[in-house]
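Using the hints, position chain X against chain V.
Each chain, letter by letter, is given below.
There are 2 protein chains.
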Amino acid sequence: MSKELHSKTKIDPFGTTAIEDYEKLYEEFGIQPFKPLLSEIPDPNAAMRRGVIFGHRDFGRILSAMKNHEEYAVMSGIKPTGEFHLGTLQTAREVTYFQQHGAKAFYCIADVEAYEDNHIQFERSQKYAIGNVADLLALGFDPKKGFIYKQSKEERVKDLAILFGRGVTLATMKAIYGEHHMGLYLSALIQAGDILLPQTKDFSGPKPTVVPVGIDQDPHLRLTRDLAFKFRRKYKFIPPSSTYHKLIKALDGSPKMSKRDPMSYFTFEESPEVIAKKIRNAFTGGRPTAEEQRRLGANPDICPIYDLYLFHFFEKDEDVTRLYHEECKGGCILCGEDKQRLIEIVTTFVKEHQRKRHQYMDKAREILKAE
Amino acid sequence: MSKELHSKTKIDPFGTTAIEDYEKLYEEFGIQPFKPLLSEIPDPNAAMRRGVIFGHRDFGRILSAMKNHEEYAVMSGIKPTGEFHLGTLQTAREVTYFQQHGAKAFYCIADVEAYEDNHIQFERSQKYAIGNVADLLALGFDPKKGFIYKQSKEERVKDLAILFGRGVTLATMKAIYGEHHMGLYLSALIQAGDILLPQTKDFSGPKPTVVPVGIDQDPHLRLTRDLAFKFRRKYKFIPPSSTYHKLIKALDGSPKMSKRDPMSYFTFEESPEVIAKKIRNAFTGGRPTAEEQRRLGANPDICPIYDLYLFHFFEKDEDVTRLYHEECKGGCILCGEDKQRLIEIVTTFVKEHQRKRHQYMDKAREILKAE
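Here the protein sequences line up with chains V and X, keeping their order.
Each residue of the first sequence is one higher than the one before, counting from 1 in our numbering.
Each residue of the second sequence is one higher than the one before, counting from 1 in our numbering.
Relax, there's no trap hidden among the hints.
Given that identical chains are not distinguished, each listed pair holds provided it fits within a single copy or across any two copies.
Computed list of lysine-lysine pairs in DSSO-like fashion (alpha-carbon distance at most 30 Å, straight line):
id : residue 1 : residue 2
1  : Lys127    : Lys236
2  : Lys145    : Lys127
3  : Lys369    : Lys153
4  : Lys230    : Lys207
5  : Lys127    : Lys234
6  : Lys230    : Lys127
7  : Lys259    : Lys230
8  : Lys153    : Lys104
9  : Lys234    : Lys369
10 : Lys201    : Lys369
11 : Lys329    : Lys24
12 : Lys278    : Lys259
13 : Lys259    : Lys356
14 : Lys351    : Lys278
Think of the hints as simulated: they come from the structure by calculation, not from any bench.
Pulled out of the complex, with its shape left as it was, chain V reads as follows (with noise of 0.2 Å):
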């Protein structure tokens, strides 16, 4: 747990992430609102328009960028742990937005954290690694404009954390991760020189870059940001750019899906079937029963079915917005009307999802260098 926090706002990359309050992280982390922005941007997408990308660490930088069209990076990743599922979708769909709008993209599979977090062994993260990089570019990652790599075996990265572990006390660890095994601080250094990675010789040097992560991953930015600055005279690094996506809730209506707990989530492998059983199982924000629902409308400001047609499965924006006024506050729908819809478009999204990332499967051992 971060020791710098005294409000119940945790931030840890490593740990549970529990956000109280986003406007607390405006004032406690210097994250900026991303809201005031958006009349700015070109063509912002869902998550944007919609504030479930609600943050933003300089992204005005990038924004001149993107206006000016001069060379930009984005730069990501997942970590090889499962099949995708709907957190990594998010980072995914982000990814490409900006690659879709003249950036740079970097997706980095780390590996290295996977082992020191997660125990996992390089051999088995590598069949997750395999799925995750079909994945995602069954979802429009363009690898012919893309960069995609294992932390393992990318020598950079690991020269990076090499570079940067002089600059980095033992103090500022722990002040930023609490106190954990060496191998989380190595996998902390590597990260560093993920996001640092763009703006190295080989890909061309200095440039703005932004990292779209969710919030739990903001510690890792700080650090490098701090690197950046550190290290500037001799790599003339810009200091990162991020956005801040909101975590979608547990289908349990807890605030973060967890592995622990299946029930409170669901991958894109999965059969539609059980994946229709889980939306049809979860938590929502209705009323006990259809009578009173009708009559008073119920919340979708608990509800993880509401999240997940805001996050990924509505596309239109005021479709999100007749949702959360008229049908669900209005009490014009009953939950399991709002399921079942929910549950055909997800059906419908996963199964065309599935066809595509089989076909890419070839693809992405390629790109991994795998038999």
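Okay, now just chain X, sitting in the frame of chain V:
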């Protein structure tokens, strides 16, 4: 400073090591005395016979491999922060000894440690490294029966560091090394990788390995032995053995040579004239007047000139014994004469060494893939 120590004995590979009493190391650190093994060693070298090598961990395992002509390895190295000097000469001779007695030899250029500990950039350490390797070859190391590498370019040791990270808590690091920046801890993990590299698959798997080092390097051995144990299931590591040599006194009589004081040591790249001057100016265990010295004898135990003969420059043990008892303690020689004789021996050695070293420079560049 190592926190577990309460006496004046400090062992710190990243700081100053002061050994008040070598005997205490046996009690406090579990280092075994070397002397009882001496009679069993088929062909002990001068450092062994003369007590310069005073301690060991698990040397029995090496002895058994030597006697039975079984596979074993020797591993040591140099931090490329300058030219070869009397300390690195000691280690190089020990590595070469074991290589000539059947060991697969590994010699590491610790350029990551030079960067993390001494802030030496890799471009600069590469220059020192070439000279260091030429010195090693001039001293008889056979590259055909050995493996010489730089940490920064040997991915296998970095990958071992990543592997080991998970096995070391922050508390362990602090207990062994004290409070340092992350780079030093990372270089300690890489050193553990160096020490266990000879036991990896690429080098035909687990085998007894002896690491001949100065006592200041023992913390790395303790860490590595602990890691060998922790990761024994998957890798079948045999805990590395070690031998410890005493540190040769500085020319000013202080316990350890220091780069900060160029008069406290000499390198083999200095001219014979400069070396002669440094020896002439050296502290000795002599008496204030020639008359007193002849009458009372001098004190070899505090004398760096005696150390030079003992460690390196008398080939025959009986010459050392005669110097200690008769010439020095017996007052038969004055310090000026003793120094003059040493200057002649050192000059002959240095000239010959420089000639050989020059011939090996191209080979050294080839080994280090340098231009």
